[in-house]
Amino acid sequence: DTEVTQTPKHLVMGMTNKKSLKCEQHMGHRAMYWYKQKAKKPPELMFVYSYEKLSINESVPSRFSPECPNSSLLNLHLHALQPEDSALYLCASSQEGQHGELFFGEGSRLTVL
Amino acid sequence: GNSVTQMEGPVTLSEEAFLTINCTYTATGYPSLFWYVQYPGEGLQLLLKATKADDKGSNKGFEATYRKETTSFHLEKGSVQVSDSAVYFCALNLRSGYSTLTFGKGTMLLVSP
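Order-wise, the sequence lines are chains E and H.
Quick note: the first sequence uses our numbering, first residue 33, plus one each step.
Quick note: the second sequence uses our numbering, first residue 3, plus one each step.
Just chain H, same shape as in the assembly (with noise of 0.2 angstroms):
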């Protein structure tokens, strides 16, 4: 089946600190990619998105790039934000039509002044 391993957190950086938060997914095909943050008390918004491999998305200074001969598809910021603290989800989908979402556990980033 499909299923997606995200690095267990919490993740706790110092503002500015460079942020990698692991991704590798096991699929039967070649899904689309994805990145959702919650904030604290709020639904999940899309951060960034890949289509195909070697694809790089980009959204907010984040960044994650479609690696098909690792099935990865690590986050990554330069410098961390206060703001930023909040929960990542790593997701895939390989359906057309409707989606079907598959998503990881989930990793929570804390970040200090």
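Chain E with its partners taken away, still in its complex shape (with noise of 0.2 angstroms):
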């Protein structure tokens, strides 16, 4: 099994609405990650957890909550967001010694009204 599943694939919120984003992974990898993408543009890197800490927070506005209930799950909590929020979020897995090869997730595409 080497996918990263991503669900809802598609999710429309209001500003005022409270949301999830789910990813699972049942490679063993040690090290999750959320990325933002906007139409035309790279990934951007959200958080990291590497043996479900949090490593990394690259200053993402706390209307964006991280979960790391165990190794193989990762969720995405949303409340109050903006429509400049809306986007492709994609989550990724790697495993320790495989030089940082990352495994994407098909992604959310979330809409903010």
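Everything labelled a hint here was simulated from the structure, so no lab data went into it.
Any given hint could be a false lead.
Simulated pairs of lysine to aspartate or glutamate, EDC-like, Cα-Cα distance not exceeding 16 angstroms [as the list claims (entries may be wrong)]:
1) E:K68 <-> H:E10
2) E:K73 <-> H:E10
3) E:K41 <-> H:E44
4) E:K70 <-> H:E44
5) E:K72 <-> H:E44
Using the hints, put the two chains back together into the complex; each one sits in its own frame.
This is the structure:
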């Protein structure tokens, strides 16, 4: 199993809603990532969890709240988002000793109204 | 700092044409180099990688050689297909442990029949 699975694939939410994006991998990887990608741009790193501990937070606004319940799961909790937060949110995972190769999910496309 | 520079797109080719997408990098060390591909509406997939100088990565007819002397990792394919139409990202990683990929801006490839 070499997949990173993200749900939902599409999400529309209002600025007052609370929602969550979910990510799962069963490759035994010990690092998991959230990226944000705007149209026609490269992915931008948001958060890195390594061994279930938050290792990098790239100055992301607090309306985005990550959670890593266990080594296979990664969540991104969303609250009071702004329309400019509309983007493709990508989850990825990696294994040490693989030179930094990331395995990406298909992404969750978020639209904030 | 570390950076990746890719040629501007879109690159427009006819089917069976030869493809080159240029990628050069700046890094304070000896990075691993990657090409990722993103098909419309999908996440990123690793296309190929090279982890040390003079390594050649190859996959699905695509090739790229790690050139330390020119700090380059150009992507080539001898005969493109319509199904190769996608956005291609060059990236580097310097860090061991969890990854901190530095992406280029991406190059869109459009192949017409």
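Status of each hint after checking the structure:
no.: 1; hint: E:K68 <-> H:E10; in the structure: violated, 22 angstroms
no.: 2; hint: E:K73 <-> H:E10; in the structure: holds, 12 angstroms
no.: 3; hint: E:K41 <-> H:E44; in the structure: holds, 10 angstroms
no.: 4; hint: E:K70 <-> H:E44; in the structure: holds, 13 angstroms
no.: 5; hint: E:K72 <-> H:E44; in the structure: holds, 13 angstroms
The structure fails to meet hint 1 from the earlier list, while all remaining hints are met.
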